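Peer 1: These protein sequence lines map, in sequence, to chains A and B. For the first sequence, position 69 matches number 69 in the working numbering, and the numbering has no gaps at all. For the second sequence, position 90 matches number 1090 in the working numbering, and the numbering has no gaps at all.
Any given hint might turn out to be false.
What the hints assert, rightly or not - Which chain A residues face chain B? A few, computed with CB under 7 Å, are given here: (1) Leu40; (2) Met41; (3) Tyr50; (4) Leu53; (5) Leu66.
Claimed, not checked - Taking lysine-lysine and the BS3-like style, the derived pairs with C-alpha atoms no more than 30 Å apart in a straight line are: (6) Lys27(A) <-> Lys1056(B); (7) Lys90(A) <-> Lys19(A); (8) Lys97(A) <-> Lys1124(B); (9) Lys1044(B) <-> Lys23(A).
Hints are computed from structural coordinates only; laboratory data are not their basis. On a predicted model such as this, the values are computed, not experimentally measured, just so you know. For every residue, glycine included, the Cβ atom is placed at its ideal position computed from N, Cα and C.
Each chain, letter by letter, is given below.
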Amino acid sequence: MTLLTTVYAAIICTIIWYKGAPKSEMKVGILCWMYWGASLMWLVDAIFEYAELGAEYFNPAPRDMLNDFFLGLSVVALGLIIWLVILLMKDPKGVIKAALFKKNK
Amino acid sequence: MGCFLVPVTEAVVTTVAARVIKSKETKETVNISSTDGSVEEVTKIKFSTKLGWLNKLLWGGSALLAFEHIWHGEVVPFFPFLTAVENGETAGMLAEMGSAGVMMSVLVTAVWAGMLAVSAVMEKRALRAPECEEGVKA
């Protein structure tokens, strides 16, 4: 469920990035790299788990599924926070700079 | 247990490599003439930029994976930081790092290599267009 949640986040971010490309004012690319990287790593985890459990891997207990979904949502939120911090620090639109340094008339 | 440490190690190496390569790279420009007859000068994507894609995949993925390990109590904020080491399961942890951790690094690197191949094909196609001139700028 964590893998699935991250893959959906990666797909949505990639679509948003493509819509805004080639301009990257909102730095959505950062989110794409982060979610795709995590998705690939969790895919390996899933393959290893499937090798161990077999078909049972696809029948998780509802409680485990809910916990994994909760983890997936938390991972997506953490990714968004990392992206937001980078966006505000890089400030590609100059919004923070404009707010901090007002021009003298 | 500690599988994310393998991609983190790779990320450290590739980040250093990207910095070193970037400092030695020269700007490569290409003149592309479009169908309306106008000639446009474009810059080729540097290898350090392409290596940056791998860095972002590895750092981003490892960061989120590290969070998952904290979530499951496998990583703790005090020494020795890894629960497996604290519980005397170091051998099991190393075995997992050697299997799942290495596979994670291999898969991410393989996907990046695929991206390099696709971008190389796209660059070649763009250059195959009539009247393209390649040049190197210092």
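Peer 1: Could you run down the list of hints and mark each one as holding or not?
Peer 2: Results of checking the hints against the structure:
For Leu40(A), the interface hint holds, the least distance from its beta-carbon to any beta-carbon of chain B being 5 Å, beneath 7 Å. The interface hint given for Met41(A) is met, as the beta carbon of that residue sits about 4 Å from the closest beta carbon of chain B, less than 7 Å. Checking Tyr50(A) against chain B by beta carbon gives a least distance of about 12 Å; that is not within 7 Å, so the hint is violated. A cut of 7 Å between beta carbons decides the hint on Leu53(A): the least distance to chain B is about 15 Å, and the hint is violated.
Using the Cβ-Cβ criterion of 7 Å, the hint placing Leu66(A) at the interface with chain B is not satisfied: the shortest such distance is roughly 14 Å. Simply put, Lys27(A) and Lys1056(B) have alpha-carbon atoms about 13 Å apart, close enough for the 30 Å limit, and the pair holds. With a CA separation close to 21 Å, the supplied pair Lys90(A) and Lys19(A) stays within the 30 Å bound. Pair hint Lys97(A) plus Lys1124(B) does not hold up; C-alpha atoms about 41 Å apart against a cutoff of 30 Å.
At roughly 17 Å between alpha-carbon atoms, Lys1044(B) and Lys23(A) fall within 30 Å of each other, so this suggested pair holds.
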